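Line by line, the protein sequences give chains A and B. According to numbering that gives the first Met the number 0, the residues represented by the first sequence are 0 to 395, in order. According to numbering that gives the first Met the number 0, the residues represented by the second sequence are 0 to 395, in order.
Since the hints were made in silico from the structure, they are not lab data. Bear in mind the structure is a predicted one, so any value in this text is a computation, not a measurement. Glycine included, each C-beta is placed from N, C-alpha and C at the ideal position. Mixed in with the good hints there might be a few duds.
Simulated coverage check for chain B against chain A, where a stretch passes if three residues somewhere in it have a Cβ under 8 Å from a Cβ of chain A [as the list claims (entries may be wrong)]: (1) 133-145; (2) 237-243; (3) 365-374.
Label pairs and their computed distance ranges (CB to CB) [stated by the list, open to error]: (4) A:258 / B:360: 23 to 29 Å; (5) A:182 / B:10: 38 to 44 Å; (6) B:175 / A:231: 49 to 55 Å.
For reference, the chains in residue letters:
Protein chains: 2
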Amino acid sequence: MPSLAGATQDEVRRSNLSTVLRLLHLGGAQSRSHLTAVTGLNRSTVGDLVSTLAALGLVRERAGDVRGVGRPSLVVEPVSSSVAVLALDLRVERTVAALVGLGGDVFARVERRHRDGDRDALLDEVVQVSREVIAALPSGASLVGVCASVPGVVRATDGLVRVAPNLGWTDVPLGEFLRDRLGGGRGDVSVRNDADLGVLAEQVRGSARDSSTVVYLAGDIGVGGGVLVDGRPLVGAGGYGGEVGHMRINPQGHTCRCGARGCWETEIGFAALARSAGTSASGGLGALIDGAERGEPEVLAAFASVADWLGMGLVNLVNTLNPQSIVLGGHLGVVYAVAGDRVLAQLATALPAARDLVRITSSELGGDAPLIGASELAFSALLEDPAGMLRDSAAS
Amino acid sequence: MPSLAGATQDEVRRSNLSTVLRLLHLGGAQSRSHLTAVTGLNRSTVGDLVSTLAALGLVRERAGDVRGVGRPSLVVEPVSSSVAVLALDLRVERTVAALVGLGGDVFARVERRHRDGDRDALLDEVVQVSREVIAALPSGASLVGVCASVPGVVRATDGLVRVAPNLGWTDVPLGEFLRDRLGGGRGDVSVRNDADLGVLAEQVRGSARDSSTVVYLAGDIGVGGGVLVDGRPLVGAGGYGGEVGHMRINPQGHTCRCGARGCWETEIGFAALARSAGTSASGGLGALIDGAERGEPEVLAAFASVADWLGMGLVNLVNTLNPQSIVLGGHLGVVYAVAGDRVLAQLATALPAARDLVRITSSELGGDAPLIGASELAFSALLEDPAGMLRDSAAS
């Protein structure tokens, strides 16, 4: 049901500014006439919006390429050094931090392996890598947002990490911690599940660019899931949606880390692949890929088994969500490359109408998808209301 | 991602007219000051919007109740006889048609049992009951929309019924047929899956009124599913989403009508309950309810078994969609009433964060949910753009 609140003239202007800045952030430099055509707004309205964004320092105009005879058209481009965001990715074994400018330029990136499993040590490490990349902020630029990706269940409203088994975390107030430790002048701080950010990245800048309903599966020790429905994140009532790795798919199966029996991740997580491949798995995913390339029967059988269960669970997602794209990340992308025929054989049992519309791909962004998604989410407050945000930060 | 199109002043006015009419349609008579408070618009803007709607004949003002001293306030109410919609529900054994006025008044309702399984006979029956209820249209009123509910997979764009097993239908162009046979002056014609309409009805006028993310399960011979995410129907890329009855939940289970093995509906559909209850099931659901009340062990065991599988599948939906409400219709509402403890015991294995937020209820609207949802969807074009729609229909 649409919102029951009324719209005002100010909201229209804010929405149009947002639209134009988003086009430039995602599409890079483009002519005014292109912006006019894409937005459907008047030429003069677009000119006015561009001037406002230029006055805020977010975009600049330059002479474009001369096409045929006539005057060269003006090209509008985002000023990457005007504003930046801090993107953090807390992975199972390492922390990654990046400082990203408007338009997606990466100014600095730091990766650090976790030293031990202690919660406070990890939090200190996060602050340290954050400060290292923030030091690369161009002079005069504002930090307009921070977003951290976490392999766990996160309460979206305040960034409380409810549970992140692979970090050993329960109820860690990461959002509050980052707000305190990074101090003022860093824009909004948000924390999200890694796969929820991964699907955002794949849709905005990756394999699912032309799709509005997308499922992203991040294969790792567990299996994270992120879902977009009609271009919007499926996060549900509390922000906990998308945990498709905990669909119960095999009532006779193994007990999951979550306590339930037969969750999908007990059959398709990396542990299931390794268990099934036996001794060949001691070298990790690389060794399994080598084994598959050499045609080792035990390794091929392990990929085939995981592929069967992968396909079976995809049937559920196709029947339930009717997505255009399913993007497979981590070892699941490898499973699809090695044994895609078995995945598709299972998928043939989905309802035909939905099955015919879905495209399965391996992830284009690979392991960086959650980091890229975090940077996009950190930009969202600026992109929603550019003038309001920069006015507020100038006043503070 | 938000829309990339710009907003204009006309769109703002249209959106505000829409908001006010929707409030009156769903909430009935209310004062101008209440409308002002709920919409957040200026008093004068609301006055202007109400005048426009009154000029269109959709609402009227009358003196309200006197509260305390002072002048009685003006009350705005929808004029139920100004516009109406035709709602159709093609059930497995009967067709139901209703003519519904603005605000939800039912002017006429007809039910007819199917005479035989022939496709053309059923289509003729649909046209006949439609004409019978349309005859009750108040003089001067316009028919502003038609919507038909179908127990099957429907292409939303044109109302093609891809497959409706219980009607014996494959690729029946019901939308096109209704447009042809009902002639002009009947507004838009749409066709939707019954459970997709059921969830809409439960959220707008039923058990899930305060919820934005809702799962509705219609228990029948099969199990239909309808899902709302953040108040919007989860229909997916082609309109085929929400078929949760075809989640594969028991790889060792029965073969489903859809051809796959172990779909949820093979374990929780009415056929599963009847199979499990044995001879006690020959009297239908009523006999099973009686048996359960008398404490017959075979019947109680059948309810318990279906309740276990119901709970197990609900875990998947809770982990994936993180809904606030799950509404159980048909025999599934009865299963919950008889053996809710078993359902909740399974649900205890869902991820705690999501599990703590969900409320499970039996359907408030019962078997009429799809019909009520069809009437709401048929009103949606008028509610989106009241002035535009009535201007267009006056011109034609």
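We went through each hint and held it up to the structure:
1. Remark: the segment 133-145 of chain B is not confirmed as covered by chain A, as 0 of its residues place a Cβ nearer than 8 Å to a Cβ of that chain, below the required three.
2. Chain A is given as covering the segment 237-243 of chain B, and this holds because 7 residues of the stretch bring a CB closer than 8 Å to a CB of that chain, at least three being needed.
3. With 0 residues having a Cβ less than 8 Å from any Cβ of chain A, the segment 365-374 of chain B misses the three-residue criterion, and the hint is violated.
4. Taking the beta carbon of each, residue 258 (chain A) and residue 360 (chain B) are about 26 Å apart, inside 23 to 29 Å as hinted.
5. At roughly 41 Å, the beta-carbon separation of residue 182 (chain A) and residue 10 (chain B) lies within the given 38 to 44 Å, and the hint holds.
6. In this structure the supplied range 49 to 55 Å is violated for residue 175 (chain B) paired with residue 231 (chain A), their Cβ-Cβ distance being about 31 Å.
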